[in-house]
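Novice: Just so you know, the sequence shown maps onto residues 0 to 249 in numbering that gives the first Met the number 0.
Honestly, I wouldn't trust all of these hints.
[Claimed, not checked] Taking lysine-lysine pairs in the DSSO-like style, the calculated list, with each CA pair at most 27 Å apart, reads:
1) Lys106 to Lys57
2) Lys106 to Lys247
3) Lys76 to Lys176
4) Lys247 to Lys45
5) Lys150 to Lys173
6) Lys181 to Lys150
7) Lys73 to Lys147
8) Lys173 to Lys69
9) Lys247 to Lys181
10) Lys57 to Lys45
11) Lys69 to Lys176
12) Lys247 to Lys36
13) Lys150 to Lys176
14) Lys36 to Lys150
15) Lys147 to Lys247
16) Lys69 to Lys45
17) Lys181 to Lys147
18) Lys173 to Lys147
19) Lys106 to Lys54
20) Lys249 to Lys57
21) Lys36 to Lys249
22) Lys181 to Lys76
23) Lys150 to Lys69
24) Lys181 to Lys249
25) Lys73 to Lys173
26) Lys76 to Lys147
27) Lys249 to Lys150
28) Lys36 to Lys147
29) Lys54 to Lys247
30) Lys247 to Lys150
31) Lys54 to Lys249
32) Lys247 to Lys57
Read the hints as simulated data drawn from the structure, not as lab findings.
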Amino acid sequence: MGALSLALMTGCGSSDEGSKDSGDSKGSSSAAASDAKALTSAELEKLLLAQGEVKGYKVGSGDDTAATSKSAVKVDKSECAPMAWATNGLPPGDTDANATNSLTEDKASDAPTSLDDVSEADIEGAFDITMTYVGLSSYEGDGDGAEKTIKSLSDGVSACAGGYGFTADGESSKVTKVATEKGSGQGDESVAFTQDVEVEGQTVTAHTEVVRKGNTLATFFTMDLAALAKGGEMSDVPAAVIDAQVAKLK
0 MGALSLALMT GCGSSDEGSK DSGDSKGSSS AAASDAKALT SAELEKLLLA QGEVKGYKVG
60 SGDDTAATSK SAVKVDKSEC APMAWATNGL PPGDTDANAT NSLTEDKASD APTSLDDVSE
120 ADIEGAFDIT MTYVGLSSYE GDGDGAEKTI KSLSDGVSAC AGGYGFTADG ESSKVTKVAT
180 EKGSGQGDES VAFTQDVEVE GQTVTAHTEV VRKGNTLATF FTMDLAALAK GGEMSDVPAA
240 VIDAQVAKLK
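Please work from the sequences and hints to get the whole structure.
Specialist: If you want it as structure tokens, here you go:
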């Protein structure tokens, strides 16, 4: 499977579905980011969710979830760049300290043991899988980098409400609509939003949430293989994944 990102959608078929209109993100918080130094990528790696920490999910490497670099992600509106970075496996703010992985639903399987017993429902069920990208990035506390990044994302949702064009690792497409939605309420503050993305002339709606805990940001982005194959809206980011990941942050 290719990169878990907006770029992946441009290569998959779908049918249209409007985004959930605006809900409330947690918005600004009085809790200030820590003055501590930014964590290193190696330190962030240790804070990522590990196998067994979220029941019902398999934890995978982040190697295939990210675009190669921010230079590989281009947008036609600069205000929209943090959102494009967040959904292409890259830090949404100005930092090189980051780590990524992915969590895939581990559904109990009663799959048939013989090919003769495989039904159409079995085939469809094999693609009914939700995968959540998780990215951690850390910022210097004395520069309020994490707080400024949350603000840039929140401002970007408003500035880019009418959509924007993007290219990621050579794949070009267009986001036709961006809308705020209700966030998880986790961390010191968060911003959650949907993006309607053109996929082969139709529209897929994707959900993203970025949560700040001190000077560390956790980015969550979920994709459904079934939604990509048949059309419709992606799943919400699983609350269990957000809760477990934020609980590990210092």
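Novice: Against this structure, judge whether each hint is valid.
Specialist: The hints, checked one at a time:
The suggested pairing of lysine 106 with lysine 57 holds, with an alpha-carbon distance near 10 Å, which does not exceed 27 Å. Taking the CA atoms of lysine 106 and lysine 247, the gap is about 25 Å. The hint holds against a cut of 27 Å. Note on lysine 76 and lysine 176: the hinted pairing holds, with a Cα-Cα distance of about 13 Å set against a maximum of 27 Å. Note on lysine 247 and lysine 45: the hinted pairing holds, with a Cα-Cα distance of about 10 Å set against a maximum of 27 Å.
For the hint linking lysine 150 to lysine 173, the alpha-carbon distance of about 23 Å falls within 27 Å, and the restraint holds. Pair hint lysine 181 plus lysine 150 holds up; C-alpha atoms about 16 Å apart against a cutoff of 27 Å. A threshold of 27 Å between alpha carbons decides the hint, and for lysine 73 with lysine 147 the separation of about 21 Å falls inside it, so the pair holds. The straight-line distance between the Cα atoms of lysine 173 and lysine 69 is roughly 18 Å, inside the 27 Å bound, and the hint therefore holds.
Proximity of lysine 247 to lysine 181 is assessed by CA-CA distance (about 22 Å); at most 27 Å being required, the pair is judged to hold. A hinted pair counts as satisfied when its Cα atoms are at most 27 Å apart, and lysine 57 with lysine 45 qualifies at roughly 17 Å. Proposed proximity of lysine 69 and lysine 176 is supported: the alpha carbons are some 22 Å apart, at most 27 Å. For a cut-off of 27 Å, the pair hint linking lysine 247 to lysine 36 stands: about 18 Å separates their Cα positions.
Pair hint lysine 150 plus lysine 176 holds up; C-alpha atoms about 19 Å apart against a cutoff of 27 Å. Straight-line distance between C-alpha atoms of lysine 36 and lysine 150 comes to about 20 Å, which keeps the hinted pair within the 27 Å bound. Only pairs whose Cα atoms come within 27 Å are accepted, and lysine 147 paired with lysine 247 is accepted, the gap being roughly 22 Å. As the CA atoms of lysine 69 and lysine 45 are separated by approximately 23 Å, the hinted pair is consistent with the 27 Å bound.
Only pairs whose Cα atoms come within 27 Å are accepted, and lysine 181 paired with lysine 147 is accepted, the gap being roughly 20 Å. For the hint pairing lysine 173 with lysine 147, the CA-to-CA distance comes to about 26 Å; that is within 27 Å, so the pair holds. With a C-alpha separation of about 11 Å, the suggested pairing of lysine 106 with lysine 54 holds against the 27 Å cut-off. Between the alpha carbons of lysine 249 and lysine 57 the distance comes to roughly 24 Å, so the proposed pair stays at or under 27 Å and holds.
Among the hinted pairs, lysine 36 with lysine 249 is consistent with the structure: their alpha-carbon atoms are about 12 Å apart, no more than 27 Å. Between the alpha carbons of lysine 181 and lysine 76 the distance comes to roughly 25 Å, so the proposed pair stays at or under 27 Å and holds. For the suggested pair lysine 150 and lysine 69, the alpha carbons sit about 19 Å apart, so the restraint of at most 27 Å is met. Proximity of lysine 181 to lysine 249 is assessed by CA-CA distance (about 24 Å); at most 27 Å being required, the pair is judged to hold.
Under the criterion of a C-alpha separation no larger than 27 Å, the hint pairing lysine 73 with lysine 173 is consistent with the structure, at around 11 Å. With a C-alpha separation of about 18 Å, the suggested pairing of lysine 76 with lysine 147 holds against the 27 Å cut-off. Taking the CA atoms of lysine 249 and lysine 150, the gap is about 21 Å. The hint holds against a cut of 27 Å. Distance check on the hinted pair: lysine 36 and lysine 147 sit about 16 Å apart at the alpha-carbon level, within 27 Å; holds.
Restraint check: the Cα-Cα separation between lysine 54 and lysine 247 comes to about 15 Å, which is no more than 27 Å; the hinted pair holds. Between the alpha carbons of lysine 247 and lysine 150 the distance comes to roughly 23 Å, so the proposed pair stays at or under 27 Å and holds. Our distance criterion of 27 Å between C-alpha atoms is met by lysine 54 and lysine 249, whose separation comes to about 22 Å. Restraint check for lysine 247 and lysine 57: the C-alpha separation of about 17 Å stays at or below 27 Å, so the hint holds.
Of the hints listed earlier, there is not a single one the structure fails to meet.
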